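Residue numbers (our numbering), protein chains in the order written: chain V, 191 to 404; chain U, 191 to 404.
Since the hints were derived computationally from the structure, they do not count as laboratory data.
Treat the hints with care, as some may be off.
Because identical chains share one entry, a pair is satisfied inside a single copy or across any pair of copies.
Result set (DMTMM-like, lysine to aspartate or glutamate): computed pairs, CA atoms no more than 20 Å apart in a straight line [unchecked claim]:
| id | residue 1 | residue 2 |
| --- | --- | --- |
| 1 | Lys318 | Glu270 |
| 2 | Lys318 | Asp265 |
| 3 | Lys394 | Asp315 |
| 4 | Lys305 | Glu316 |
| 5 | Lys318 | Glu279 |
| 6 | Lys345 | Glu279 |
| 7 | Lys394 | Asp218 |
| 8 | Lys213 | Asp265 |
| 9 | Lys302 | Asp350 |
| 10 | Lys213 | Glu279 |
| 11 | Lys302 | Asp232 |
| 12 | Lys226 | Asp402 |
| 13 | Lys305 | Asp350 |
| 14 | Lys213 | Glu316 |
| 15 | Lys394 | Glu370 |
| 16 | Lys302 | Glu398 |
| 17 | Lys394 | Asp277 |
| 18 | Lys394 | Glu316 |
| 19 | Lys394 | Glu367 |
| 20 | Lys394 | Glu310 |
| 21 | Lys226 | Glu270 |
| 22 | Lys345 | Glu328 |
| 23 | Lys345 | Glu316 |
It should be emphasised that the depicted structure is a prediction, and the values quoted were computed from it without experimental measurement.
Protein chains: 2
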Amino acid sequence: MTTLYGYFRSSAAYRVRIALNLKGLDYDQAPVNLVKGEQRGDANLARNAQGLVPVLETSEGTQLTQSLAICEYLDEIYPEPPLLPADAEGRARVRALAQLVACEIHPLNNLKVLKYLVGELGVGDEAKLGWYRHWIAEGFQALEAKLTAEAGSGKFCHGDSPGLADICLVPQVFNAERFECDLSPYPRIRGIAANCRALPAFAKAAPEAQPDAG
Amino acid sequence: MTTLYGYFRSSAAYRVRIALNLKGLDYDQAPVNLVKGEQRGDANLARNAQGLVPVLETSEGTQLTQSLAICEYLDEIYPEPPLLPADAEGRARVRALAQLVACEIHPLNNLKVLKYLVGELGVGDEAKLGWYRHWIAEGFQALEAKLTAEAGSGKFCHGDSPGLADICLVPQVFNAERFECDLSPYPRIRGIAANCRALPAFAKAAPEAQPDAG
């Protein structure tokens, strides 16, 4: 059986849950409580020296890390339905949209980064919230511009079926809503997120639907 | 002709230069001066709404963004020599190592982030340097542990030929050296970086070898 070590509110685990659901795969969930610091416990460090979630353990016992690498692995082993388009330029576009979220927005708003801001740099609550919202606004402005200008966009980030970029977009929208970011300037992002959330694969992956949600 | 819009000291552009060189491809370089703010000028924004480098313009005029997406594109269009191993688990491992650098270390030490720390949060020079070194140390500890423990490691991050993980590792080592981080705890990382730098594809891609180096 495939096991996902994750946390209901982790964006990266949320991405992998969507990918598993889109592929129609069964999996066990093993929660790692990030608020209690379980990610830095020996059991999780043995799975991932980075002390992060998610880790996907395959039925053969291989432990995979990094959410985008896991999603691409799933796409290679279970090709249907595809998470990437068939043409190289389309794949480059979808990967770039996914990485806009995963390499430019999300890393700056990680729990460990917010803790460093407060603990090491003495940043107050208001400035911390400002930091959080700043990187979402900067990234979403660029993402909205790309989704609006580029011909590849459709009902989803690329065409009319969900893929790797949507898998990154929806958890980032969830975070933005949680921190009450103003999403009114991003109608295209909101529209795509709504189309995604209407699908069972995305709805079942939502943080509030997880066994460890509290 | 393929054109790379980049900057000699940009890690992300450095990655793409290594990939182009490993594939033996000819390309023009069009420098975008990040210190002068040219990345936010109209010409660069038209290429990339994110206002970042690199952008790779193919001979057909398609403009590609995000360094890892560009490297995977090059690997698909020009399969030899491969940047990823042939097996899905190996590919997942190499992508995870690459993303450890590209999603966990590098985004936190970007120029725009350092500017925000100083300008918006009033962080001083010493604390800024502490931030920079903290994220490299945290990431390199995990990377060193993985490279040491995992059977896939060899002369390079994965086996005995250079690939996507090495393409990310070497520019990150360059940054660490530039900011005088202590690399003595990471013998495996230093050894792999030395093996890479001995190859012409990496040496030709080094910041100091670029036309806009100043």
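Against the structure, the hints:
Proximity of Lys318 and Glu270 under a CA criterion of 20 Å is satisfied in neither setting, with 41 Å inside one chain copy and 46 Å between copies. Taking CA atoms no more than 20 Å apart as the test, Lys318 paired with Asp265 passes in neither setting, with 37 Å inside one copy and 40 Å between copies. When the C-alpha separation of Lys394 and Asp315 is checked against a cutoff of 20 Å, the pair qualifies neither within a copy, at 32 Å, nor between copies, at 46 Å. Both within a single protomer and between protomers do Lys305 and Glu316 lie at most 20 Å apart by alpha-carbon distance, with minima of 14 Å and 19 Å respectively.
Neither within a single protomer nor between protomers do Lys318 and Glu279 lie at most 20 Å apart by alpha-carbon distance, with minima of 38 Å and 38 Å respectively. Within a single copy, Lys345 and Glu279 get their C-alpha atoms as close as 19 Å, which meets the 20 Å cut-off; across copies the closest is 32 Å, which misses it. For the identical chains of this complex, Lys394 and Asp218 are intra-copy neighbours only, at 14 Å inside a copy versus 47 Å across copies, given an alpha-carbon limit of 20 Å. In the homo-oligomer, the alpha carbons of Lys213 and Asp265 lie at most 20 Å apart inside one protomer (8 Å), although the nearest pairing across protomers, at 25 Å, exceeds that limit.
In the homo-oligomer, the alpha carbons of Lys302 and Asp350 never lie at most 20 Å apart, since the shortest distance is 36 Å inside one protomer and 34 Å across protomers. Taking the shortest alpha-carbon separations for Lys213 and Glu279, only the inter-copy value of 18 Å comes in at or below 20 Å, while the best intra-copy value is 23 Å. With identical chains, the CA atoms of Lys302 and Asp232 are at most 20 Å apart within one copy only, with a shortest distance of 18 Å there and 35 Å across copies. For the homomeric pair Lys226 and Asp402, the shortest alpha-carbon distance inside one copy (13 Å) is at most 20 Å, but the shortest distance between copies (48 Å) is not.
Proximity of Lys305 to Asp350 under the C-alpha cut-off of 20 Å is found in neither arrangement, the shortest distances being 39 Å within a copy and 39 Å between copies. In the homo-oligomer, the alpha carbons of Lys213 and Glu316 never lie at most 20 Å apart, since the shortest distance is 41 Å inside one protomer and 48 Å across protomers. Taking the shortest Cα distances, Lys394 and Glu370 never come within 20 Å of each other, neither inside one copy (23 Å) nor across copies (47 Å). Proximity of Lys302 and Glu398 under a CA criterion of 20 Å is satisfied in neither setting, with 22 Å inside one chain copy and 34 Å between copies.
Taking the shortest alpha-carbon separations for Lys394 and Asp277, neither the intra-copy value of 29 Å nor the inter-copy value of 30 Å comes in at or below 20 Å. When the C-alpha separation of Lys394 and Glu316 is checked against a cutoff of 20 Å, the pair qualifies neither within a copy, at 33 Å, nor between copies, at 46 Å. When the C-alpha separation of Lys394 and Glu367 is checked against a cutoff of 20 Å, the pair qualifies only within one copy, where the shortest distance is 18 Å, while the shortest distance between copies is 45 Å. In the homo-oligomer, the alpha carbons of Lys394 and Glu310 never lie at most 20 Å apart, since the shortest distance is 37 Å inside one protomer and 39 Å across protomers.
For the identical chains of this complex, Lys226 and Glu270 are neighbours neither inside a copy (37 Å) nor across copies (47 Å), given an alpha-carbon limit of 20 Å. In this assembly of identical chains, the alpha carbons of Lys345 and Glu328 never lie at most 20 Å apart, being 23 Å within a copy and 40 Å across copies at closest. In this homomeric assembly, Lys345 and Glu316 never come within 20 Å of each other (Cα to Cα): the closest approach is 36 Å inside a single copy and 48 Å across copies.
Hint compliance for this structure: hints 1, 2, 3, 5, 9, 13, 14, 15, 16, 17, 18, 20, 21, 22, 23 are not met, and every other hint is.
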